[in-house]
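In the UniProt record's numbering, the protein residues as written are 1 to 330.
These are calculated hints, taken from the structure and not from any lab test.
Quick caveat, the model's predicted, so the values are computed rather than measured.
Be aware that a few hints might be false.
Unchecked claim - In the EDC-like style, the derived pairs of lysine to aspartate or glutamate whose C-alpha atoms are separated by at most 16 Å in a straight line are:
1. K148 <-> E98
2. K148 <-> E194
3. K148 <-> D120
4. K148 <-> D76
5. K148 <-> D59
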Amino acid sequence: MTPLARTARLTQYAHGGGCTSKIPPGELERVVAGLTGGGAPLLAGGEDGDDAAAVRIADGRAVLSTADFFPPVVDDPYDWGRIAAANALSDVYAMGGEPLMALNLLAWPGDLLPGDLARDVLRGGRDVAAAAGCAIAGGHSIDDPAPKYGLAVTGVADAGRLLRLDGGRAGVPLTLTKPLGLGVLNARHKATGETFPQAVETMTALNGAAARAALDAGVRCATDVTGFGLLGHLFKLARASGVTAVVDAAAVPYLDGAREAVRDGFVPGGTRRNLAWVSPHTGFRRIGEEERLLLADAQTSGGLLVAGEIPGAPVIGELVPRGRRALVVR
């Protein structure tokens with residue numbers, strides 16, 4: 001056994017990083033087709049692929065359940081833990097809920113990486129969960145050649161006010177609460193060791209305030225933007241709601257350095273797979289390859305995509321009656 005020093009670059013122990021490690025969306029849909037659902041108590045979490053499962057309980061409430069974990073997306077173990085926890089909690093917020101309790105999910109190569117690095121990862125997850133008012137009660141760990149971390153989260157929501165993929169209606173604006181570019185910046189970080197504080201700050205920011213603002217505005221349709229990119233998650237929303245989503249490319253916000261990362265070739269494989277998946281369903285007008293990749297960029301702990309308008313977040317498009325394609329980028 002030769003434990004690495006605390007300066008070990010965690011991202012070098014994963015073939016992917018963060019939500020770019022997801023199974024490609026088209027392949028995943030084929031694998032799980034017909035395997036989700038389970039009866040009348042299930043309000044969400046079936047074929048549409050909502051962000052969390054929801055089951056009705058007493059007094060008009062719903063219990064929400066979700067799980068999310070991934071390989072290191074940054075080299076700092078504490079930041080990785082914070083990012084993974086924020087990302088997992090986001091699935092509850094994307095449904096209009098509040099997280100109550102979470103369980104750690106940890107895979108760790110004990111013969112390669114020292115345990116105190118794992119402790120830092122868990123500490124990061126604990127601190128972000130505490131900021132969300134969510135207790136962490138143990139969890140599960142395994143020995144694994146590639147480190148992975150995340151949370152299984154339980155939350156609650158008003159059963160009559162869930163934010164759902166199928167709640168979109170024509171004539172409603174589309175709002176995005178965090179800038180894009182996390183995937184390409186994280187790819188550059190993994191390849192070069194360069195750090196991007198703006199990306200870490202974005203990924204560790206909780207989506208709770210945005211979810212509450214959406215509910216206060218009467219919104220009934222939302223999702224979070226993670227591994228399938230803005231266009232992938234918007235495609236799922238438009239498909240479930242039976243509408244076409246129109247994106248104004250000039251209105252979409254990006255993190256500093258994101259365009260340069262694409263131009264320099266730091267594009268995750270997950271981003272290219274996302275673009276290949278949505279392209280047959282998208283009218284791109286005169287949008288070039290660089291812009292298409294950024295719009296499909298595989299995000300980790302991205303923002304909420306809201307069918308409605310909320311204060312302080314940019315409107316990036318609108319939902320219109322269903323046309324020939326589910327997505328249009330102009």
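Results for each hint:
1. K148 <-> E98: violated (25 Å)
2. K148 <-> E194: violated (22 Å)
3. K148 <-> D120: holds (13 Å)
4. K148 <-> D76: holds (14 Å)
5. K148 <-> D59: Given pair K148, D59 is violated - Cα atoms ~38 Å apart, limit 16 Å.
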